[in-house]
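Same order as they appear, the protein sequences are chains A, B, C and D. As numbered in the numbering used here, residues 1 to 353 make up the first sequence, in order. As numbered in the numbering used here, residues 1 to 353 make up the second sequence, in order. As numbered in the numbering used here, residues 1 to 353 make up the third sequence, in order. As numbered in the numbering used here, residues 1 to 353 make up the fourth sequence, in order.
These aren't lab readings, by the way, just hints derived from the structure by calculation. Computed from a predicted structure; not experimentally measured. Hints may contain errors.
Pairs involving identical chains hold if they fit within one copy or between any two copies, as the list cannot separate such chains.
Heads up, simulated DSSO-like pairs for lysine-lysine below, C-alpha to C-alpha not over 30 Å straight-line [unchecked claim]:
| no. | residue 1 | residue 2 |
| --- | --- | --- |
| 1 | K53 | K184 |
| 2 | K120 | K318 |
| 3 | K270 | K318 |
| 4 | K314 | K148 |
| 5 | K148 | K349 |
| 6 | K98 | K148 |
| 7 | K198 | K53 |
| 8 | K270 | K308 |
| 9 | K314 | K349 |
| 10 | K148 | K270 |
| 11 | K270 | K59 |
| 12 | K270 | K197 |
| 13 | K198 | K270 |
| 14 | K270 | K314 |
| 15 | K270 | K53 |
| 16 | K120 | K308 |
| 17 | K270 | K120 |
| 18 | K148 | K318 |
| 19 | K59 | K318 |
| 20 | K197 | K120 |
| 21 | K42 | K308 |
| 22 | K314 | K120 |
| 23 | K314 | K53 |
| 24 | K148 | K120 |
| 25 | K308 | K349 |
4 protein chains.
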Amino acid sequence: MANKFGNLFTITTFGESHGPAIGGVIDGCPAGIELDFDAIQKELDRRKPGQSKIVTQRKEPDTVEFMAGIFEGITTGASIGFRIVNTNQKSKDYSHIKDQYRPSHADYTYSQKYGHRDYKGGGRTSARETANWVVGGAVAKQAIPEIKINAFTSSVGNIHLETPYQELDFSLIESNIARCPDQKKADEMIDYIGEIKKQGDTVGGVVTCVIQNVPVGLGEPIFDKLHAQLGKAMLSINAVKGFEYGSGFEGAAMTGSQHNDIFNPNGSTKTNYSGGIQGGISNGMDIYFKVAFKPVATVIQEQDTIDKDGNIVKMMGKGRHDPCVVPRAIPIVEALAAMVLVDNIMLDKARRI
Amino acid sequence: MANKFGNLFTITTFGESHGPAIGGVIDGCPAGIELDFDAIQKELDRRKPGQSKIVTQRKEPDTVEFMAGIFEGITTGASIGFRIVNTNQKSKDYSHIKDQYRPSHADYTYSQKYGHRDYKGGGRTSARETANWVVGGAVAKQAIPEIKINAFTSSVGNIHLETPYQELDFSLIESNIARCPDQKKADEMIDYIGEIKKQGDTVGGVVTCVIQNVPVGLGEPIFDKLHAQLGKAMLSINAVKGFEYGSGFEGAAMTGSQHNDIFNPNGSTKTNYSGGIQGGISNGMDIYFKVAFKPVATVIQEQDTIDKDGNIVKMMGKGRHDPCVVPRAIPIVEALAAMVLVDNIMLDKARRI
Amino acid sequence: MANKFGNLFTITTFGESHGPAIGGVIDGCPAGIELDFDAIQKELDRRKPGQSKIVTQRKEPDTVEFMAGIFEGITTGASIGFRIVNTNQKSKDYSHIKDQYRPSHADYTYSQKYGHRDYKGGGRTSARETANWVVGGAVAKQAIPEIKINAFTSSVGNIHLETPYQELDFSLIESNIARCPDQKKADEMIDYIGEIKKQGDTVGGVVTCVIQNVPVGLGEPIFDKLHAQLGKAMLSINAVKGFEYGSGFEGAAMTGSQHNDIFNPNGSTKTNYSGGIQGGISNGMDIYFKVAFKPVATVIQEQDTIDKDGNIVKMMGKGRHDPCVVPRAIPIVEALAAMVLVDNIMLDKARRI
Amino acid sequence: MANKFGNLFTITTFGESHGPAIGGVIDGCPAGIELDFDAIQKELDRRKPGQSKIVTQRKEPDTVEFMAGIFEGITTGASIGFRIVNTNQKSKDYSHIKDQYRPSHADYTYSQKYGHRDYKGGGRTSARETANWVVGGAVAKQAIPEIKINAFTSSVGNIHLETPYQELDFSLIESNIARCPDQKKADEMIDYIGEIKKQGDTVGGVVTCVIQNVPVGLGEPIFDKLHAQLGKAMLSINAVKGFEYGSGFEGAAMTGSQHNDIFNPNGSTKTNYSGGIQGGISNGMDIYFKVAFKPVATVIQEQDTIDKDGNIVKMMGKGRHDPCVVPRAIPIVEALAAMVLVDNIMLDKARRI
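Model the full structure from these sequences, guided by the hints.
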């Protein structure tokens with residue numbers, strides 16, 4: 001609970017951005033997987049700070065160090081322990097937020113819940129935690145190489161990529177720093193984020209994720225429907241405010257005769273409003289979903305806030321924060337999706353004795 | 001897993017719509033709660049079929065029968081067993097769907113996953129299951145009477161209730177059969193559903209839920225954030241395609257300086273884009289979220305579909321189905337919310353030794 | 001938790017001996033198992049009261065009624081709901097124990113933990129609950145017909161069956177009411193229990209269980225070792241005070257050179273002090289273990305005890321209680337073992353993607 | 001599962017004896033505990049190798065390094081990550097066991113289950129793992145300082161400490177290297193272990209554990225009885241073959257009139273055959289139990305065994321192994337008991353909303 005994700009393929013994590021290291025334990029990874037460590041590091045590099053001008057300029061190499069569960073490069077079935085040493089937790093001055101609660105952060109709620117709060121760099125609430133998930137997801141991806149998971153930026157502020165995903169070339173996702181597989185839209189997004197950054201402000205966005213080549217039959221009714229598991233995973237990411245799959249919120253305005261996905265003889269469907277999942281179980285069609293991210297709460301503008309005694313104080317964000325988290329959120333969305341998928345493949349396998 | 005919901009306050013359910021009974025076990029309910037059985041039955045009545053002209057005309061009394069865990073009307077701390085006898089599972093002819101897969105139902109996915117399928121009335125995939133959840137939620141509500149949970153219909157098709165929830169009078173929700181606390185909008189919705197029904201079609205909609213008087217500190221970071229738990233719960237409901245809380249998908253288009261909720265001296269906030277949850281933990285403000293429902297897949301119109309051998313066949317929905325599930329979904333949304341809340345109150349309590 | 005057993009093949013139960021029914025939900029049973037309902041009832045008959053002169057003379061048919069999860073006699077993969085109606089909960093007078101705590105029962109601890117106690121027939125603490133487990137175990141056995149599970153009475157009081165299990169004929173277990181596969185020892189046990197009963201007293205005993213034809217590789221290190229799961233299961237049975245497997249407590253007095261099980265070329269071992277499990281994982285040899293049962297606490301003799309106000313009062317057991325639970329515990333031990341086995345077969349399967 | 005222990009206070013571990021480090025994540029530890037790091041290290045020192053002449057002479061400092069979850073020396077409620085660097089995993093020659101299965105070790109079962117095996121130092125099956133548990137237990141102890149947990153050596157081979165625990169002085173446990181609070185018996189044990197060691201052999205033993213000052217009401221019926229949780233925990237320790245609590249196996253030979261614990265007016269009992277637990281729930285009396293350890297399988301004597309191809313080969317244990325694990329098992333037993341206790345205090349608290 002709390003710091004554990006998954007049922008059979010699980011990850012349990014720890015770490016604050018300003019402690020010595022973050023890390024975790026991957027428990028339940030099948031034995032016999034020959035790991036490609038470069039591929040794992042590459043996923044971390046997609047998430048790491050400082051990678052482009054539209055993300056935070058903090059520098060952190062995010063090198064993962066495996067401590068157990070792998071022998072001669074191959075998983076043994078034992079739990080996999082890993083850590084990522086924090087190299088950027090220099091004794092910066094955090095005294096200005098020690099006794100203050102930043103608006104729309106978790107400072108206030110953590111203080112109320114736990115009494116004792118690690119205020120440095122957001123403590124456990126820092127999105128630095130998601131580097132751990134990327135490690136777990138990178139291992140998960142290698143356990144299910146046949147499944148293709150592609151996430152990309154589909155909105156930044158009011159700039160929307162309207163093209164249906166079927167018409168996109170996913171190989172372009174990594175070709176620009178917005179991670180939008182449409183160069184024109186990507187340029188608009190990059191420019192807009194640049195502007196927002198100049199204002200000391202931040203902006204939200206939307207990530208779309210497409211999962212292809214999924215076997216039929218994954219997902220556990222009634223309370224572990226595949227989309228419910230995916231939804232919970234995505235809603236765990238910092239700043240996420242919404243999740244929809246298939247027709248999503250638009251589907252709510254449709255009629256049944258429009259929305260029904262008519263079958264082809266081979267069990268595939270002519271349309272895919274269902275989003276690849278029916279009754280909580282994958283039907284072999286593409287799974288696709290959208291994840292909404294709010295704007296980062298730290299703005300480099302003066303704001304009113306309160307201190308722990310309820311006094312109104314002036315506060316201004318310091319440090320190097322992301323003007324828009326969406327480009328760096330892409331590998332995180334994929335990582336969580338990969339862990340959900342491998343978990344459900346294992347669950348499905350277990351049911352077929 | 002699968003048929004179990006919750007961590008400490010759990011419900012594990014069973015039942016097909018055409019078997020002898022549905023039911024479940026509530027495990028972990030605190031001892032000493034004097035149950036109001038009429039209130040429980042009233043919740044079931046809000047969900048039951050046949051209650052109005054805009055829902056299915058099937059008749060089912062949905063009387064809950066408690067079998068254990070209650071002594072002299074008071075919970076004992078033991079598991080609470082209950083069942084609801086199916087009175088409407090007459091030997092209707094289902095041979096027409098025995099070997100056919102209805103479009104956008106779970107017939108195909110269940111057949112592929114399990115091999116052996118109960119085709120009568122949808123078997124385990126029937127939304128009849130949600131009556132079990134309403135029982136669990138009704139008990140949960142009584143464990144936390146101080147918390148106010150109100151769900152209502154906010155959209156049917158393209159008819160949207162735009163009024164901010166703060167300006168609505170929740171006591172009007174039950175005053176009309178659309179369960180929309182704005183009589184004018186309700187009338188529009190009722191008319192529209194009536195039309196759709198005449199066409200043998202169905203339509204989707206949106207439910208908004210508001211949870212008030214929530215203590216500060218509920219929710220478990222990192223992977224059991226309060227909104228992630230609520231989201232997973234809502235995504236478990238049949239036909240749900242999306243979940244958003246607080247600013248939701250609209251928040252993705254905002255800037256940080258707009259979106260930040262500025263504190264009042266007492267820790268409350270001037271705005272509530274956060275939706276009552278920050279860092280996954282309740283902050284004492286109202287929690288509110290939206291749930292998108294697709295249109296019911298069973299339409300009384302001829303459609304192409306396939307049989308188990310992949311032959312294209314004609315099919316036409318039979319029986320008495322809901323033209324729009326949203327009015328009957330209201331108590332289900334509330335029930336799940338109540339179970340999530342009591343579970344998190346218990347989890348929070350456990351952490352404070 | 002609490003009323004749930006198992007990881008992937010789970011049973012969640014409810015029921016008090018004097019309520020309307022006991023029952024439960026089997027969640028995770030694989031689809032496609034054609035159930036032999038007579039075999040399930042036969043297991044219940046082995047456990048039921050009134051079956052012989054050395055067990056309680058209470059009469060209870062213990063007829064199981066399945067409510068869901070089975071279609072045309074075959075499991076569907078959906079949760080299986082069942083109940084056993086209580087026919088013997090007549091409005092007996094329990095006022096004498098309402099405010100008293102029987103020695104070595106759970107009256108006092110339940111009262112302290114829950115405040116509100118169902119004092120009729122022991123409420124939730126009644127071993128009647130184990131009938132639910134027998135249902136779960138009987139279904140589990142049918143999921144893994146290749147595995148042979150035989151439990152038998154190996155001690156009653158100081159009468160011990162010393163013969164190594166390899167020299168016993170398990171087909172004799174059901175040939176006598178003591179369920180001891182050695183007629184001479186069985187006669188001694190039956191006579192002794194008869195005597196004890198005449199004195200209004202009770203006596204403890206030991207059950208040995210042997211599991212044969214187990215595949216190599218079952219069990220989950222580190223904290224779900226196969227024997228740890230079996231041990232926890234057995235320690236859940238009312239009145240159990242100890243569990244040992246393989247060499248058990250005697251092994252603690254041995255030296256390594258005596259205790260080591262030397263391999264045969266095919267991976268089997270010449271001796272089996274390991275009890276079929278090494279490092280928590282089955283090695284293909286017979287699994288065997290012993291379970292110690294204390295004497296039933298209800299004696300038909302006058303005893304001092306206290307009431308809820310701490311006054312010393314005289315009490316004398318009433319009703320029809322077992323002079324020795326061991327003969328009726330045999331099917332319970334087997335049932336739990338079967339559920340542990342099927343659960344671990346599923347877990348093992350999941351790991352091999 | 002597998003590498004996770006506990007329900008609300010959990011530890012998830014990793015590590016092989018010859019990898020870079022072992023470690024784990026403590027998830028669910030309450031916030032606000034001011035940790036005494038010396039006390040934690042002292043517990044590790046009680047378990048560490050090389051501490052006396054009757055244990056393995058391997059040298060390993062076992063210094064724990066905390067990486068997260070603690071701020072200014074106080075727990076924050078976040079997950080606590082820790083590791084213990086392996087300093088003694090020098091590139092020793094393990095080629096002799098690479099393709100051989102040591103008798104009564106887990107080499108064969110791990111090979112069969114996982115295919116790919118870390119053969120160095122036993123890999124994940126090494127009892128080095130238990131150092132992680134000692135860390136978890138040491139933190140747990142500090143969360144519940146009021147509860148007194150004392151384990152000690154009660155048997156080595158056939159040398160038994162027969163004195164009832166009530167007559168022992170627990171302050172003597174650490175006064176000798178056998179960890180037996182009776183100097184005369186301790187001397188006998190030490191001599192015997194010395195002899196056994198000279199023979200290149202090993203010997204088993206028994207640990208008794210006494211838990212005092214336990215509040216009434218801990219434990220979760222039906223399947224998480226306090227003693228069942230303790231039993232499962234103890235059966236997780238390498239080499240454990242049996243667990244009994246209260247009267248244990250001896251209780252099986254007693255009559256009910258002997259075995260019943262008669263109440264004192266204050267709810268305490270005159271005798272304590274129940275072992276402090278009735279119906280799975282603590283009754284406030286001392287909890288006591290015994291744990292049987294088999295002799296270590298590695299003997300420095302030539303033995304027949306097989307290689308992976310089923311050939312009979314000669315093998316002789318190398319390295320520095322424990323002639324008797326019992327003295328070093330004492331802190332491990334205590335650590336697991338402490339984690340079970342704190343977990344159940346949290347569970348009990350959760351139930352009392």
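So, going through the hints one by one against the coordinates:
| no. | hint | in the structure |
| --- | --- | --- |
| 1 | K53 x K184 | within (18 Å within a copy, 51 Å between copies) |
| 2 | K120 x K318 | within (12 Å within a copy, 49 Å between copies) |
| 3 | K270 x K318 | between (52 Å within a copy, 23 Å between copies) |
| 4 | K314 x K148 | neither (48 Å within a copy, 35 Å between copies) |
| 5 | K148 x K349 | both (20 Å within a copy, 24 Å between copies) |
| 6 | K98 x K148 | neither (44 Å within a copy, 34 Å between copies) |
| 7 | K198 x K53 | within (12 Å within a copy, 57 Å between copies) |
| 8 | K270 x K308 | between (58 Å within a copy, 17 Å between copies) |
| 9 | K314 x K349 | neither (56 Å within a copy, 34 Å between copies) |
| 10 | K148 x K270 | within (21 Å within a copy, 44 Å between copies) |
| 11 | K270 x K59 | neither (47 Å within a copy, 35 Å between copies) |
| 12 | K270 x K197 | between (43 Å within a copy, 25 Å between copies) |
| 13 | K198 x K270 | between (46 Å within a copy, 27 Å between copies) |
| 14 | K270 x K314 | between (57 Å within a copy, 16 Å between copies) |
| 15 | K270 x K53 | neither (42 Å within a copy, 34 Å between copies) |
| 16 | K120 x K308 | within (16 Å within a copy, 53 Å between copies) |
| 17 | K270 x K120 | between (52 Å within a copy, 26 Å between copies) |
| 18 | K148 x K318 | neither (39 Å within a copy, 39 Å between copies) |
| 19 | K59 x K318 | within (16 Å within a copy, 48 Å between copies) |
| 20 | K197 x K120 | within (23 Å within a copy, 53 Å between copies) |
| 21 | K42 x K308 | neither (41 Å within a copy, 38 Å between copies) |
| 22 | K314 x K120 | within (19 Å within a copy, 59 Å between copies) |
| 23 | K314 x K53 | within (29 Å within a copy, 57 Å between copies) |
| 24 | K148 x K120 | neither (38 Å within a copy, 36 Å between copies) |
| 25 | K308 x K349 | between (51 Å within a copy, 23 Å between copies) |
Taken one by one, the earlier hints fail for this structure at numbers 4, 6, 9, 11, 15, 18, 21, 24, listed in ascending order.
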